[in-house]
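For the record, the sequence lines run as chains A and B. Residue numbering for the first sequence follows UniProt numbering, beginning at 1 and increasing consecutively. Residue numbering for the second sequence follows UniProt numbering, beginning at 1 and increasing consecutively.
Be a bit skeptical, because a hint or two may be false.
A pair counts as met if it fits within one copy or between any two copies, since identical chains are not told apart.
What the hints assert, rightly or not - The calculated lysine-lysine pairs, modelled on DSBU-like cross-linking and capped at a C-alpha distance of 30 Å, are: (1) LYS263 with LYS218; (2) LYS27 with LYS263; (3) LYS410 with LYS54; (4) LYS430 with LYS54; (5) LYS218 with LYS47; (6) LYS239 with LYS103.
By construction, these hints were calculated from the structure, which means they are not laboratory data.
There are 2 protein chains.
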Amino acid sequence: MLNKNHIVFFRSIVGEEDCKDDAIYLKSYAYDSTRESFEPQCVIFPKNEEQISKILCYCNENFIPVVPRGAGSGMSGGAICANGGVVLAMEKYFNQILEIDEKNLLARVQPAVINKTFQNEVEKVGLFYPPDPASQDFSTLGGNVSENAGGMRAVKYGITKDYVLALRAVLPNGAIIQTGKKTIKDVAGYNLSGLLCGSEGTLAVITEITLKLRVKPKFTQMMLGLFASIDSCMHVVYKILSSGVTPVAMEFLDTLTLKAVQKKMHRVFRDDAKAILIIQVDGEIPEIMDYQIQKIQEIFSQNECLESHIAKNTTEAQEIWAMRRNASQSISIYGKKKLNEDITVPRGNLPSLLKGIEEIGKKYGFKIACFGHAGDGNVHTNVMVENPQDNAELERGYQAVEEIFRLAIKLEGTLSGEHGIGLSKAPFMKLAFSDAEMELFRNLKKAFDPNNILNPKKMGL
Amino acid sequence: MLNKNHIVFFRSIVGEEDCKDDAIYLKSYAYDSTRESFEPQCVIFPKNEEQISKILCYCNENFIPVVPRGAGSGMSGGAICANGGVVLAMEKYFNQILEIDEKNLLARVQPAVINKTFQNEVEKVGLFYPPDPASQDFSTLGGNVSENAGGMRAVKYGITKDYVLALRAVLPNGAIIQTGKKTIKDVAGYNLSGLLCGSEGTLAVITEITLKLRVKPKFTQMMLGLFASIDSCMHVVYKILSSGVTPVAMEFLDTLTLKAVQKKMHRVFRDDAKAILIIQVDGEIPEIMDYQIQKIQEIFSQNECLESHIAKNTTEAQEIWAMRRNASQSISIYGKKKLNEDITVPRGNLPSLLKGIEEIGKKYGFKIACFGHAGDGNVHTNVMVENPQDNAELERGYQAVEEIFRLAIKLEGTLSGEHGIGLSKAPFMKLAFSDAEMELFRNLKKAFDPNNILNPKKMGL
Numbered sequence: 001m002l003n004k005n006h007i008v009f010f011r012s013i014v015g016e017e018d019c020k021d022d023a024i025y026l027k028s029y030a031y032d033s034t035r036e037s038f039e040p041q042c043v044i045f046p047k048n049e050e051q052i053s054k055i056l057c058y059c060n061e062n063f064i065p066v067v068p069r070g071a072g073s074g075m076s077g078g079a080i081c082a083n084g085g086v087v088l089a090m091e092k093y094f095n096q097i098l099e100i101d102e103k104n105l106l107a108r109v110q111p112a113v114i115n116k117t118f119q120n121e122v123e124k125v126g127l128f129y130p131p132d133p134a135s136q137d138f139s140t141l142g143g144n145v146s147e148n149a150g151g152m153r154a155v156k157y158g159i160t161k162d163y164v165l166a167l168r169a170v171l172p173n174g175a176i177i178q179t180g181k182k183t184i185k186d187v188a189g190y191n192l193s194g195l196l197c198g199s200e201g202t203l204a205v206i207t208e209i210t211l212k213l214r215v216k217p218k219f220t221q222m223m224l225g226l227f228a229s230i231d232s233c234m235h236v237v238y239k240i241l242s243s244g245v246t247p248v249a250m251e252f253l254d255t256l257t258l259k260a261v262q263k264k265m266h267r268v269f270r271d272d273a274k275a276i277l278i279i280q281v282d283g284e285i286p287e288i289m290d291y292q293i294q295k296i297q298e299i300f301s302q303n304e305c306l307e308s309h310i311a312k313n314t315t316e317a318q319e320i321w322a323m324r325r326n327a328s329q330s331i332s333i334y335g336k337k338k339l340n341e342d343i344t345v346p347r348g349n350l351p352s353l354l355k356g357i358e359e360i361g362k363k364y365g366f367k368i369a370c371f372g373h374a375g376d377g378n379v380h381t382n383v384m385v386e387n388p389q390d391n392a393e394l395e396r397g398y399q400a401v402e403e404i405f406r407l408a409i410k411l412e413g414t415l416s417g418e419h420g421i422g423l424s425k426a427p428f429m430k431l432a433f434s435d436a437e438m439e440l441f442r443n444l445k446k447a448f449d450p451n452n453i454l455n456p457k458k459m460g461l
Numbered sequence: 001m002l003n004k005n006h007i008v009f010f011r012s013i014v015g016e017e018d019c020k021d022d023a024i025y026l027k028s029y030a031y032d033s034t035r036e037s038f039e040p041q042c043v044i045f046p047k048n049e050e051q052i053s054k055i056l057c058y059c060n061e062n063f064i065p066v067v068p069r070g071a072g073s074g075m076s077g078g079a080i081c082a083n084g085g086v087v088l089a090m091e092k093y094f095n096q097i098l099e100i101d102e103k104n105l106l107a108r109v110q111p112a113v114i115n116k117t118f119q120n121e122v123e124k125v126g127l128f129y130p131p132d133p134a135s136q137d138f139s140t141l142g143g144n145v146s147e148n149a150g151g152m153r154a155v156k157y158g159i160t161k162d163y164v165l166a167l168r169a170v171l172p173n174g175a176i177i178q179t180g181k182k183t184i185k186d187v188a189g190y191n192l193s194g195l196l197c198g199s200e201g202t203l204a205v206i207t208e209i210t211l212k213l214r215v216k217p218k219f220t221q222m223m224l225g226l227f228a229s230i231d232s233c234m235h236v237v238y239k240i241l242s243s244g245v246t247p248v249a250m251e252f253l254d255t256l257t258l259k260a261v262q263k264k265m266h267r268v269f270r271d272d273a274k275a276i277l278i279i280q281v282d283g284e285i286p287e288i289m290d291y292q293i294q295k296i297q298e299i300f301s302q303n304e305c306l307e308s309h310i311a312k313n314t315t316e317a318q319e320i321w322a323m324r325r326n327a328s329q330s331i332s333i334y335g336k337k338k339l340n341e342d343i344t345v346p347r348g349n350l351p352s353l354l355k356g357i358e359e360i361g362k363k364y365g366f367k368i369a370c371f372g373h374a375g376d377g378n379v380h381t382n383v384m385v386e387n388p389q390d391n392a393e394l395e396r397g398y399q400a401v402e403e404i405f406r407l408a409i410k411l412e413g414t415l416s417g418e419h420g421i422g423l424s425k426a427p428f429m430k431l432a433f434s435d436a437e438m439e440l441f442r443n444l445k446k447a448f449d450p451n452n453i454l455n456p457k458k459m460g461l
């Protein structure tokens, strides 16, 4: 699709140094965290909005696919070139924090700033950026916006879209637009910032993000509860939230995951513990911390909690977090390949979801390890395939995954809570959306991108 | 545009009783709170989604404008028929609360449920729906979603879009769609719920809304501070928010408004009080209430606060609220007609905004009374026209308004914080948006509504 002349044009815009088509670059930019791999035909490092505008304009006229890319750490194939064309690699020149505005509790950043770098910088001046996807150490804020990333702290503080006040972006026709303002309230024109959040790079190339900040809470505390059943563990989640206590995070590990984590961390809990709930609370004064912890312990004790622990110091708090952070790695003892998804259901349906998943595991003959964000109904399900080289077994694994999607939708849930659709879940869009809804998505994409050059084939469009 | 045959068709769908074209109905449905008036040619009361689907389908084929309408209490002309056609009056059959789900902290409602009715119902079971536009006693939740309504409690709890989890809606082609899920996290497909919020009835007819709820806070407290200058009053706003205390509401009255309110309420404050700040805080335990109040008083005392009061009981709390609620009415002593707008700027720019507005008042020879939501930078500006029958004076008034819009935009603000654009602010869209942005809005509207039948002429489209 791409020929020498195109490369010559790109080099006239960004210079030879920043337009690469040698094999090593094409390979390096072919993958993301899904381990699917499609090579681009050219990797461009744009220096500014004007260059992006010229490149998009040209690609639009020449029907050349363009895929904007941050860290390439996405979990659904959003940043890979399913259809050849050009990668717009933002990490080289769009990695600056432009402004931290303490007066208005907001910041302006370029899209390739790493999430954790940003968190650290705002915390230096006593501020707080809550969205903390598991990939926070390497994923970019632009990627977070494009996938509408969640994280552990979503229970109390919401997800990426709740922090995006304004964006600058370049449209496929080369126009540079601004969406939203530096204000909490803005009802002039359509809510394009809200629409671009989670649009997976299919509508526009984001070049600047204005993010709302909070003041960093003075106190935080970690605790955990061990439960006799996954059911009572899930029951506790909504009991706590209904009590008026809103923890920062409420993370669970199911029986399989709990066992695996204990093994990995050489830590042994009691045998009758079938599920664990990890909770973080925060607040401005010690009394509100005590109040929340007491309330949670009260609810624990009324719901088959076998025992609970409160972190006595930072080290203990880190140990508790480490159990959750090790979950994903530790379950690899159950199989060489894990088919992991991030379905979400209304919290009240978590017990039915987990029961259903257990049955799907039995039906297809797989261990399915589940853990994740109980506080917002977002469960990371992992179908553990012992012999992925066995095609029949792998195929059965994918069937189990499809059945998990069907179950989530039946329980009024969604295909994805935070990873996005990208390529990986594209075939399942038809389970979740009607023909009319899919047609509307396509029309909406056309309104931004009539020639379908931006990140084609993603989201099942 | 509409002829007898069309009416015959509508009656075949909804029955004669629910399709009215007599003068009294056309008059009754011609206005909203802007006092602009355009008569529809027919008022239809649809009973269900299927009827709406059939009507939209027919109107789409016949290029008949359709304006969905709740209470008709909008402040920007969103619910009036600028182009003739049909009003879809939702209040008769779409006024039910369908479900209050205590387990998942959410509710499903039909669009014509009154905001305050809904608040009251959820509070009966200990829950809380924060968005509280000034029109809460009569405006509908569907109208609130369509205009993305704000309110007093936005400082701590956000605005309507922060509570919309899912929608059902009918497209101009008759298709019934669902957007979003009963989950906090959902990143499958484009964020259509976010886009429909604030779309002013131009994209789809909303038929059902799933709203997030919170647990009702146990304690609330009202207080007020009198300030020697509007500047110090505004300064205090961001000082409080930067301290880590987030009040539920922070409302201010400027010197003119404060004087008028005192007169109306027969209450006299000290002469040197030039501005008042009304603050509500809430919390789960008495200690956190004390902490917040102390912190606020500390900041008050460091910033030219002349005196402060804390409500000792419910009556006193209501008296404090009444000062704010009476603001809009009481300023009528300054002129027969008020040209009121609801611009919003980043909080840190409030002092510059109010200084600029004072200068605009002097330049054009008007008193401009300002009050409103200091906590989120949303100011209700009122250009007071003494002799509105004097065309030259009125014209000068509109010039002052336009200059206020220009000032707000210069200060990185927006034309509207909560009222929407509708017809009233349509001429000013070009001040706030580039040609490329306006074209994108139009393309986006076309993606939903290619024949431009839904609420035409609104938003400057």
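Hint check results:
1. LYS263 with LYS218: Neither. Shortest intra-copy (34 Å) and inter-copy (44 Å) distances fail the 30 Å Cα cut-off.
2. LYS27 with LYS263: neither (36 Å within a copy, 75 Å between copies)
3. LYS410 with LYS54: Intra 46 Å, inter 28 Å, cutoff 30 Å: inter-copy only.
4. LYS430 with LYS54: between (36 Å within a copy, 25 Å between copies)
5. LYS218 with LYS47: neither (39 Å within a copy, 53 Å between copies)
6. LYS239 with LYS103: For LYS239 and LYS103, the Cα distance is within 30 Å only across copies (8 Å; inside one copy 37 Å).
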